[in-house]
Amino acid sequence: MTADHMDWLRREGRIVIVGASLAGLRAAETLRAEGFAGSLTMIGDEPYEPYDRPPLSKAVLLGKASPHHTELPHRREIDAKWRLGVAATGLDLAGKRVRLADGDEVEYDRLLIATGVRARPWFNEEEGRLDGVFLLRTRDDAARLLQRLRSARRVFIIGAGFAGCEVASACREMGLAVTLAERAGAPLVGALGGVVGPVAAALQTENGVDLRTGITVTALEGDPAGRVRAVHLSDGSEVDTDVVVVSLGSLRNTEWLSGSGLGAGPRGIACDAGCRAFDFRGIVTDDVFVAGDVARSPHALFGYQFLSLEHWGNAVAQAETAAHNMICAGADRRPHLWMPAFWSSQFRVNIKSVGVPSMGDQIMITQGSLAERRFVGVYGFKGRVIAAVSFDNTRWLEFYQRQIERGAPFPVEYPTMDRRPEGRQPVDADFPDPSLPTHGPTVTLSGYSPADQQLVFTPARH
Amino acid sequence: MRLVVDLNKCQGYAQCAFLAPDVFSMHGEESLVYNPRADEDQRERLTRAVAACPVQAITADGLDGPAGASAGTTGEASDDR
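Protein sequence lines, in the order shown, are assigned to chains L and P. 1 is the number of the first residue of the first sequence in our numbering; add one for each residue after it. 463 is the number of the first residue of the second sequence in our numbering; add one for each residue after it.
Keep in mind that the hints were calculated from the coordinates and are not lab data.
Partner residues are not named here, just some residues of chain P that face chain L (Cβ under 7 Å, in silico):
| no. | residue |
| --- | --- |
| 1 | L465 |
| 2 | E491 |
| 3 | V495 |
| 4 | N497 |
| 5 | T521 |
| 6 | A522 |
| 7 | D523 |
Backbone N, C-alpha and C define an ideal beta-carbon position, used for all residues, glycine too.
Given only the sequences and the hints, what does the whole structure look like? Please build it.
Right, dumping it as structure tokens:
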């Protein structure tokens, strides 16, 4: 890449961003902030300007915000051509063109793919179409669900990951009867393990949720009018309900890239630490970049494993790095080395995490206690600190983030504030076998070497 | 005005909930709930909340007036990189 070419690109190049949500918007702002003066096109399949999604399962359901008004603030003018309500349907890598659902084509010199994920639908399409069955991912989903909840009495939630738990929490605050079904032994087990999971379970049951774990939903039953009336479970039981919320994690929006030659699939789009996408041969491209939930990128702090992070903060940080690298060359480029972090709020308890808990083989409760639901749990992996989680103890997380960054030893050797007897020794973090399909984790890991990868066939339990 | 709070940064100091209680409120001891769309009559309170946040977690736009989409404050703003 010659300096002349980069100057030209910054002055009059064409940049196309597919995906007009958090990552797409922040990338566009970064491009302009760093002096990109060429043409910028934002393509989004939803007909709305970029809006924030985390409030949809929290503030919106609690009645503190409107599902129609969670639009993201802009950090600056981006002077873009917006193509909203039109999905991208194909990519011509050689011709440097994005095909759109309306038949149009948009040419680019640099492309950023930030198409994110969508909610995993209920496996039985006919049952999924029953009136009263909802997914929760978009603002339209949230508006429809909220409207129905206002006239409902009973809600059945399938899947106790973060989203399912948050919906259960909001529905209880609305005074609704809630049943929450989870295949694992407790809520949040995939993300936080079997030591912390029971704390999440106690939160649910003490707040009146009918929690059913170690169970799967086998069928949704409708009445003659096509409205959902009951849920059938793998233990043979049946639960009457007015509303079903399917909260089974997400699918990456990569189908539009099939056949494009890009290394895109169900696990996302692989890219290098500089956010440049790999093609299907595993060779890095130099004009196609990826950011946000749809990306998988290697992280030096975590054994160079490819991390897919469905985290709000990752979308922002990766978009900023991708945008910077799109208009820089060589040594001016930066790696995406963001420390994974997320938050959740359920039953008025603030849950936050840094690092990659699901990599942990052991956990120590270094501060507070599980029973009080105010604690910090530190995860260790092969003798070093790899992650931490806090329940109503967020102010300590930054300290543990530094420990992870420094590769601090585990078990934790230093004394900590508010250490209890239960926190003196590490215990098994008790994560489910990663080869089993689960809808809980918000972080998915995959080996970077073929020798690390395993495939185990597990028959369905029902 | 549109606003968003980086809840990874937020540590529940609750300054915003004191200064702009119609926009921000604490839900439990340290979790924050807010309305991402603040009414025009909240402009002054919101401006104070943005400035007072000890971890600078609040980004808002339109604080300078309805016409401008000017950047609010955020520690991660890339404008100065």
